[in-house]
Amino acid sequence: MSTIKNLFLKFEEFSIDIGELELLDQGVTALWGASGSGKTTVFRTLCGLIDCPSLEWEFQGERLDQLSPGERRLGVVFQSLDLFPHMTAKDNIMFAAKARSISQEVANKDLEHLSEVLEMNRFLNRKAHLLSGGESQRVALARALISQPRILLLDEPFSALDRDLRLEARRLLNSLLQEKPIPVFMITHDSEDIDELATRVCRIEMGQITSVNDQA
Amino acid sequence: MRRALGLLVIIIIFSPYALSFFHGQGLSFDISYNDINVFAFTLLQAFLSSLASLVLGFIAALGLIYSANRYPVFYKWILRPSCLLPNVVPVIMVILASLKVIDPFPFGFTGILLLHTLMNLGIVALSIQKIVSNKLSGLSEVSALFGASRAQFLFRGGLQTIFGDLAMVGLFVFAICYSSFAIPLVVGGSQFTTIEVLIFEQIRLEGDWAKASFLALLQAISIFVLCYFIPQKIEATKESFRRNQYLSSRIGIPIALIPALIIIIGLFGSFSMGMKQFLRLDLLRAELPGQILNSLVVAIGTGLFSFLLFNLIAFVFYRGTLKKIILSYAAPSTVICGFAFLIFGPQGEVSSLIRMILGISLISVPALIRLQFANTIYSLERQREVAVLLGASDAEVFKRIIFPQSFFSACFLSGIASFWAWGDFALSSIVADRSHTVALVIQALMTSYRLELAVLLLWLLLICGILTFALFSGIGYVYHKKLIS
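Chains A and B supply the protein sequences, listed in that same order.
Using this note's numbering, the letters of the first sequence correspond one by one to residues 1 to 216.
Using this note's numbering, the letters of the second sequence correspond one by one to residues 217 to 701.
Warning: the hint list may mix true and false statements.
Unchecked claim - Restricting the straight-line Cα-Cα distance to at most 30 Å, the calculated cross-link-like pairs of lysine-lysine (DSBU-like) are: (1) B:615 to A:90; (2) A:90 to A:10; (3) A:90 to B:698.
Claimed, not checked - Here are some of the chain A residues that sit facing chain B, going by a computed Cβ distance under 7 Å: (4) 47; (5) 50; (6) 53; (7) 56; (8) 69; (9) 76; (10) 84; (11) 86; (12) 147.
Hints in this document: simulated from the structure, not taken from any laboratory.
A virtual CB, placed ideally from N, CA and C, is assigned to each residue, including glycine.
Just need the whole structure built from these sequences, with the hints factored in.
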């Protein structure tokens, strides 16, 4: 179990007040809330992009909050996907492998596998700025996973896609998680994401966790 | 590594102040009544110059929007470049062309205001166009549907909505005018001295380094504090604007064109008379190749050193105080920069050229950062965040993410710095002989009222400047094309 404690942040007209939150070791823990409820702030704080001196985040005996963003070894997919536009899809994915010093041999093998599962073969050598929304989404997911993360963090990962692509993306993510059972922390406002992906749902309102429910 | 390089950046940009401080063995706080008057005058001229630029720039911005809606080709190829022209060409070109076209020229306070406004009107108009298009388009359309007139919309809410953004643009112009040296030196006359000119006189005439350092520091701190505490609004550059039929005006088009027209008319007038004078002056003809070579060395050197500085700054420009310091730092005092470099190191022709390269780069780069480079780097901040989260080191992030994508911008802006270097006479006149470069010869001709000959040499300077600019931006363009293809 991964435990987040004392995530307290105060801004001018808004605050985050999370005393304790437990993330599952397997499956998807979803942080579900409306726009402005504080989801993204929580997400960015866990990534280490917002300073939060009170935060304690213990993951399998290790204090992640004491590590720099890079050292936390998180796989992250932002809402805007944020692929490096000047690189090809493959270069984007391999960038993450190289940054984590994963050997070329292992990285190539993982890339092959991810390409197959995420059906990326036909656009791997295309520049990122030429990819469609659905293709970019898959590349962002592969980039997050190839770095062998402790935990996968997803920030509204399907919100930029149209309905059909969202369905497809969820299916791909599900099949991927069957292959690689790593913990996932996903923030979303979409109830369909919850219905189809979430194992645990933590509801956030006005910066506070108001309910935690495990899905059947 | 990023911290060490950040420290290096701070040392480099503040080096002129540190050098003059140590040379003057401290600061002298001996301020006279006259000095306070000079401060007040400098503040007043900077305030009025920025106000005039804002008011005229706003009207010109409405013209830009009108033209972008109705005549997109004219907007893209004529009007927009015309607005950028006075800021991109060396100051000497604006001064000389204005002296030629506006006859009689109102020297003194009005002259300073006029030239500052002519120089900044275009860039202000482009900035306001962006603000109005992005922030007021929707609101103005809704107001129009409610039946409000344009004036009602602007004065009852529109201007208030963008007040903070306008203040930022005004501050940008204020900072330029507050520390302006070349324009007050040439057109200010003896009655109207600015702080920069006062610093110049303190060192050149009285040799009082301690007081000059104090004045320069006061000038720098006042701008720095103003910039530091006013919220910085840098945004990733948006290329496309919303079409806005309601907030546009054709009256703004001629206003936007005036500064560029003055420069062009000033350059084209009396070409033949200048040529006749040139053919009569054997000495000038004989010395000119050497002066061109010197100017070329300074221009290329400035471009290369600026490129290095841009990349150093791109490396360290990420969150935190350092980013804010870089954004708040307007530019060092030209005079302090010139004299500080003059007193250190060996004397000689090569040393003068190196001093010019260092000085012009240090003056140009902060302005170009505020003009464009901060937006470029800011637009990559999100990618930098992602790369850091993926575990990439600072060096890796720079090498694979920042450098490739900021290369074009850095090359383009280094090209502008090299263009400015061709035309620099303010700093050059402090660190070098009066006839060392083409710009210095032009200044000498200008001050002896041989304007036709000065204009002729200005053409030479323009052509050479465009060539070096094309060299730098061409390299950037080729790389950029390769990168995205």
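Now for the hints, and whether the structure bears them out:
1. B:615 to A:90: holds (18 Å)
2. A:90 to A:10: Violated, because 40 Å separates the two Cα atoms, which is more than 30 Å.
3. A:90 to B:698: Cα-Cα ~17 Å, so holds.
4. 47: Given a least distance of 6 Å, the restraint on residue 47 of chain A holds.
5. 50: Violated, about 10 Å.
6. 53: Check failed: Cβ of residue 53 of chain A comes no nearer than 16 Å to chain B, outside 7 Å.
7. 56: It is violated, given that the least Cβ distance between residue 56 of chain A and chain B is near 20 Å, above 7 Å.
8. 69: holds (5 Å)
9. 76: holds (5 Å)
10. 84: At about 6 Å, which falls below the 7 Å cut-off, the nearest Cβ of chain B leaves the hint on residue 84 of chain A intact, so it holds.
11. 86: Holds: closest Cβ of chain B sits about 5 Å from residue 86 of chain A, inside 7 Å.
12. 147: Hint on residue 147 of chain A: holds, closest Cβ of chain B at ~6 Å, below 7 Å.
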